[in-house]
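Novice: If you want the building blocks of each chain, they are given just below.
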Amino acid sequence: MNTQTEIETKLKSIFKKVLDIQENEIVPGARLDESLGIDSTEMVEISVVIKKELGIILKDNELKKIHSFNDIVGILKNRTS
Amino acid sequence: MEKISITGLGIVSPSGIDKRVFWANIKAGRSAVEKIERFDASLYPSRIAGHVRELEGYSNVSSRLLKKIDLFSHMALVASQLCLDDAKINLTQENLKRVGIFMGNAIGGWLYAETELRDMYLEGREGVSPFMASAWFPAAPQGQISIHYGIKGFSKTIVADRASSLMAIGYAARTIIRGKCDFILAGGMEAPVTPYALLCCNTSGMLSKNNDNPKGAYRPFDRNRDGLAIAEGAGVLTLEGQTRVKQREGAHVYANIIGYGTTTDAVNRITPSPDAKQLANAIKIALGDAMLKTTDIDYICADGAGSQLGDATETKAIQDVFGEYASKIIVSAPKSIYGNMLGASGVLDVITTCLAIEHSMVPPTINYETPDPQCDLNLCINKAQEKVIKNAMIINRGRGGINCVLILQKP
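Chains A and B supply the protein sequences, listed in that same order. So for the first sequence, our numbering puts the first residue at 470; every next one is plus one. So for the second sequence, our numbering puts the first residue at 32; every next one is plus one.
For the record, the hints were derived by calculation from the structure and aren't laboratory data. Each hint should be verified, as a subset may be incorrect.
Said to hold, decoys possible - With a cut-off of at most 27 Å between alpha-carbon atoms, the simulated BS3-like pairs for lysine-lysine come out as follows:
#1 K98/B - K481/A
#2 K183/B - K119/B
#3 K98/B - K533/A
#4 K58/B - K421/B
#5 K421/B - K347/B
#6 K533/A - K485/A
#7 K98/B - K486/A
#8 K485/A - K98/B
#9 K359/B - K347/B
#10 K324/B - K308/B
#11 K98/B - K534/A
#12 K485/A - K528/A
#13 K211/B - K187/B
#14 K98/B - K521/A
#15 K481/A - K533/A
#16 K98/B - K479/A
#17 K521/A - K479/A
#18 K277/B - K441/B
#19 K421/B - K359/B
#20 K528/A - K98/B
#21 K520/A - K98/B
#22 K50/B - K246/B
Said to hold, decoys possible - Where chain B lies over chain A, by a calculated footprint (3+ residues, C-beta under 8 Å):
#23 486-498
#24 513-519
Just so we're clear, the structure is a prediction, and the values are computed from it rather than from any experiment. Cβ atoms here follow ideal geometry from the backbone N, Cα and C, with glycine treated the same way.
Turn these sequences into a full structure, and let the hints steer you where they fit.
Specialist: This is the structure we're talking about:
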């Protein structure tokens, strides 16, 4: 899993599962707190599921810099390339 | 004390979620206690409880939020909305910094906690949801209600075992009198029908083991009583001061809170003091607060723990305070119908008493068959009785020797 599309598809499925939302609610470039109302605890939950399903640990300094869906895609892409 | 009005009722109980259904079941004395089938409870000494049905049908809580909260918060949110609807209060027109939330709870949210603890032992610390921290503790429902409505005023959660929500209501009334809030959502919630919570309740030694006859198991004041049946549920009231009630269009007053008293036994961590002196003192304090004589009380909604010592000492306290009049006052423990909601039992007693005052009808104690000379009270047995109730007294007691008494008056 290392193409941009594969990463996006997987991350969308994680978002759907954790947040109980529809895929079309995800706006890739929008701020997660404003577009989806994601708080810090939900971000931790997302990072736990990413670790479980993709084996990738998001570090604290990386979590602090995440503002959008695309930010997470970028981190995951770097780690898997 | 200055009168504080009860202007809205929100009920989530095994006897019904809708106010009319609840009262019809109470009036008829229809037991809602059942065998526990939600999980395998076959090895528990007591495996019966009152269960809430059809909560989803009354809930507007999102599935996203439901993942983050325990059942006791969900029930509290539903009861709060039902209460606000019943009171015809529109929060968009209120100063939310002057609205408070006072809730009572005894044991916390164990359905959520147990699941996460299981995951911690199976998967390690990362198996635990980050929402665990904010889901399980007794004040979690207060927080969820405040977030849901944007309520920002002075608020508290009281933990006092089975007296929790009655104490929360007493403190809420005093908070309005002190001028700290314009109105308050007051009540409580409990969700003890989970494997670990049921185990803890069992080890307290307070539960009935009459598992073959769930509907007949909880029998307060009966000679063959052997404990209480637990129940899940929530209840919420709106409390408002007199000036506000008079000014607010559409306000309906069910009853006024006019007296409150609380004491502690300081004797044993589980059982009440055999001399019942501190419960008697709490009754006297409440009567003094209400500026009433013993003969002014028309009905007592009893704690009715269903334990040998609990009911005998409650009877003794009533007889010590009321003297000869004790044999004339009508007494009942309507929670025998749906089970004992522990920290939420007090608010359900207040709601039942409000409806009793409104309908001029005393709710019954059910399953009473064999008189006990140690519980020689004038009980309303098995079916409601017509009676105009001007002043009513509610008694709640908790482990640790907690005694709590509230007095309501017909408006």
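Novice: Take the hints in turn and mark each one as holding or not.
Specialist: Now for the hints, and whether the structure bears them out:
1. Proximity of K98/B to K481/A is assessed by CA-CA distance (about 18 Å); at most 27 Å being required, the pair is judged to hold.
2. For a cut-off of 27 Å, the pair hint linking K183/B to K119/B stands: about 20 Å separates their Cα positions.
3. This hinted pair checks out: K98/B and K533/A have alpha carbons roughly 24 Å apart, not beyond 27 Å.
4. Only pairs whose Cα atoms come within 27 Å are accepted, and K58/B paired with K421/B is accepted, the gap being roughly 19 Å.
5. At roughly 24 Å between alpha-carbon atoms, K421/B and K347/B fall within 27 Å of each other, so this suggested pair holds.
6. Under the criterion of a C-alpha separation no larger than 27 Å, the hint pairing K533/A with K485/A is consistent with the structure, at around 22 Å.
7. A hinted pair counts as satisfied when its Cα atoms are at most 27 Å apart, and K98/B with K486/A qualifies at roughly 11 Å.
8. For the given pair, K485/A sits about 13 Å from K98/B by alpha-carbon distance, which is consistent with the 27 Å threshold.
9. As the CA atoms of K359/B and K347/B are separated by approximately 15 Å, the hinted pair is consistent with the 27 Å bound.
10. Between K324/B and K308/B the alpha-carbon distance is near 19 Å, which keeps this suggested pair within the 27 Å criterion.
11. For the proposed pair K98/B and K534/A, the alpha carbon gap of about 26 Å is at most 27 Å, so the pair holds.
12. Taking the CA atoms of K485/A and K528/A, the gap is about 22 Å. The hint holds against a cut of 27 Å.
13. This hinted pair checks out: K211/B and K187/B have alpha carbons roughly 12 Å apart, not beyond 27 Å.
14. Restraint check for K98/B and K521/A: satisfied, since their Cα atoms lie roughly 19 Å apart, inside the 27 Å limit.
15. At most 27 Å may separate the alpha-carbon atoms for a hinted pair to count; K481/A and K533/A meet this at roughly 20 Å.
16. For the suggested pair K98/B and K479/A, the alpha carbons sit about 21 Å apart, so the restraint of at most 27 Å is met.
17. Proposed proximity of K521/A and K479/A is supported: the alpha carbons are some 12 Å apart, at most 27 Å.
18. Taking the CA atoms of K277/B and K441/B, the gap is about 16 Å. The hint holds against a cut of 27 Å.
19. With a C-alpha separation of about 15 Å, the suggested pair K421/B and K359/B falls inside the 27 Å cut-off, and the hint holds.
20. For the hint linking K528/A to K98/B, the alpha-carbon distance of about 25 Å falls within 27 Å, and the restraint holds.
21. Restraint check: the Cα-Cα separation between K520/A and K98/B comes to about 20 Å, which is no more than 27 Å; the hinted pair holds.
22. A C-alpha spacing of about 22 Å is found between K50/B and K246/B, which places the hinted pair at or below 27 Å, so the restraint holds.
23. Counting residues of the segment 486-498 of chain A whose beta carbon lies closer than 8 Å to any beta carbon of chain B gives 3, which meets the minimum of three for the stated coverage.
24. Interface restraint, the segment 513-519 of chain A with chain B: holds (3 residues with C-beta to C-beta distance below 8 Å; minimum three).
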